[in-house]
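Peer 1: Residues per chain are reported as follows:
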Amino acid sequence: MFSQLIQNLIDHTVETSLGYFQAELWLCGTIVVLLLARLFSLDRLLPGNVLALAGSVTAVFAAWSQLETVQAEPGFSETFFTGLMIQDLFSVYFRLFLALFLVLTVALTILSGIPDGEDAPDFYTLLLGATIGMMIMAGANNLLMLFIGVEMASVPSYAMVGFLKGRRTSSEAALKYVVYGAGAAGVMLYGISLIAGVLGTGDMSLLADRIRIVAEGGVAGLGDAEVRLVVLGVMLVLVGLAFKLSLVPFHFWCPDAFEGASAEVGGFLSVASKAGAFALLVRFAVSLSGPSSAALMSAFGIGLGVIAMVTMTFGNLAAYGQSNMKRLLAYSTIAHAGYMLMAVSAMLVMQNSPQAGALGQEINACIGGLLYYLAVYLFMNLGAFAVVALIRNYTFTEEISSYAGLGRQNPVLAVCMLFCLVSLVGIPPFGGFFAKLMIFGSVYKAGDLHWSMYLLLAVGGLNTVFSLVYYLRVLKVMFIEERPADSRPIRLPSLERAYVSLLGAFVLLLGCAPLLADGLTLLAGEAANSVFSAAVTSR
Amino acid sequence: MQPSLSGYLLIGAVLFTCGVVCMATRRNAIGVLMGVELVLNGANVNLVAFSRYTTLGIDGQIYSLFIIVLAAAEAALALAIALNFYNNHLTIDVDKASSLKG
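Heads up: the protein sequence lines correspond to chains A and B, in order.
The numbering of the first sequence is the working numbering, which starts it at 1 and goes up by one.
The numbering of the second sequence is the working numbering, which starts it at 1001 and goes up by one.
If you're looking for bench data, these hints aren't it; they were derived computationally from the structure.
Virtual Cβ for every residue (Gly too), placed ideally from N, Cα, C.
Be aware that a few hints might be false.
Stated by the list, open to error - Taking beta-carbon pairs under 7 Å as the criterion, some of the chain A residues facing chain B (in silico):
(1) 189
(2) 444
(3) 448
Claimed, not checked - Here are some chain A residues the structure puts well away from chain B; computed CB gaps all over 12 Å:
(4) 25
(5) 197
(6) 411
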């Protein structure tokens, strides 16, 4: 009997789970090879950056083949590793997204040469490890995996922020990040212990059902002590996620960490850790939403809307006075987290309204918009950080004033920066505009259900206008001011020029090439659909 | 006589509160990290107690095993970062970490 159970477990793991876990396994394998190559002094023969690039490209192919299989079966959703993780189009979308982003980041680090040959294996081990953590976050189906994913993504990030060992600013940034990060993780874990204990399960697909049982046992709503404990737990978990998303009031680490870390690491953290945390937030929110928790969850949705308003307003206002480009981009990252949170807020308000059944299409559109936004955000934010990193290699500074006159001296770099920044503002025909439009459209629809969503929309619109000012200030310095005569010229090799042009081209194409944009919209919509269908079938 | 669940939860809550207060008030980076450990162990006490008294069952104990390992990993990294900070600043007072602001 017992041996039969073990045999079944092994069979299921080998036949299904490991296949679903392919992309992560390739990355794990790459880490092992990286470390062994260093151990046996093969790193001259097999440089760390080549190994990392090869590993991440393989992960992209693995994720791509999964995408094709999963897409062929609409509504496919299956748990694996004994229900700890879930495989649906949503998690595969994020897996592909993160693997693709990893390839682009590794390519950037190769071009800008930030980890030197000596340190390359260490740096890429951390980078790949953090990416695996984020992939786990996107596929988590258990509160334990939620915590492990967050920790696996955070712990290597702390080390990457402090990677420039001798620099005072880098060590300070890492210390601040690790202190805040460890605290937030601890608080989140306490929340997890309360949720798992009171509801008696860690399985996220059972949470909504268990909340119903707990609420039926006593007085429904906030009157019941057990329900209150669960609400407290959910709020503590949201603290941890808000920290990863750098939402106000948990954003302190973000500008400091980005300024102290190298621009490559900043670009990685701003996109990848945000994507992983949003995937987790969506999964967590969907798993808690059920008929008996509707009033509670729509209140959470409105609460998230308020946080979104404060976050984007704060991010945009704080970005005005910045003279350091990385710090400005960090505040812009905070503001964009606010925009993206609008989608989650609208989703929660719609899904937990009495008319949820009729609104299926619109609920899908919220998450579809979020996924589209993340994809565009990948290219525009990485593009901006890549330009910062490449310019730093020539001028040794990241001050905005040092960009004076770049438009004339190096048009390719300056035009790529123009594309990225204008897309970050959200001006057509760039990708950022359509992404923003999709999210704002969803929030507008949610406005019919609660007036605060109209307010959220208005604040979002105003913030878009505000943000124009500080992005344009950078562009003004680049294109209108004269380059000082004594400054070092910036002449990029053709490979680096090709890299930034590629990113700039994608930012533009995702806005104005219907084929690419429609394909991505469709994929994002299907991925969004899968996360809801999973929640319905398991109920 | 068997102690009740609420007794264990009370210990967990006290550990959690002590940890949060410690994180918020300590100026020494090592002290802050000790606060983090208290918070994690508060959660551990909760999980193990819940695994004894509720349907969470053995899952709770497995959770706490994972958490012990993760806490060790995090502490090792945090101490390395604190050491690096000391090498650059000759102090581990978190208030002295003030060159990045704005």
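Peer 1: Taking C-beta pairs only, is residue 411(A) more than 12 Å away from all of chain B?
Peer 2: holds, 31 Å
Peer 1: Have a go at the residue 189(A) hint: is there a Cβ in chain B nearer than 7 Å to its own Cβ?
Peer 2: With a closest approach of 4 Å, the residue 189(A) hint holds.
Peer 1: So is residue 197(A) really clear of chain B, every C-beta pair being over 12 Å apart?
Peer 2: violated, 3 Å
Peer 1: Can the hint on residue 448(A) be confirmed by a CB-to-CB distance to chain B that is less than 7 Å?
Peer 2: violated, 40 Å
Peer 1: With d taken as the least Cβ-Cβ distance between residue 25(A) and chain B, does d exceed 12 Å?
Peer 2: holds, 20 Å
Peer 1: Residue 444(A) was flagged as interface toward chain B. Is the shortest Cβ-Cβ separation under 7 Å?
Peer 2: With Cβ-Cβ at 35 Å, over 7 Å, it is violated.
Checked against the numbered hints given earlier, the structure breaks hints 2, 3, 5 and satisfies all the rest.
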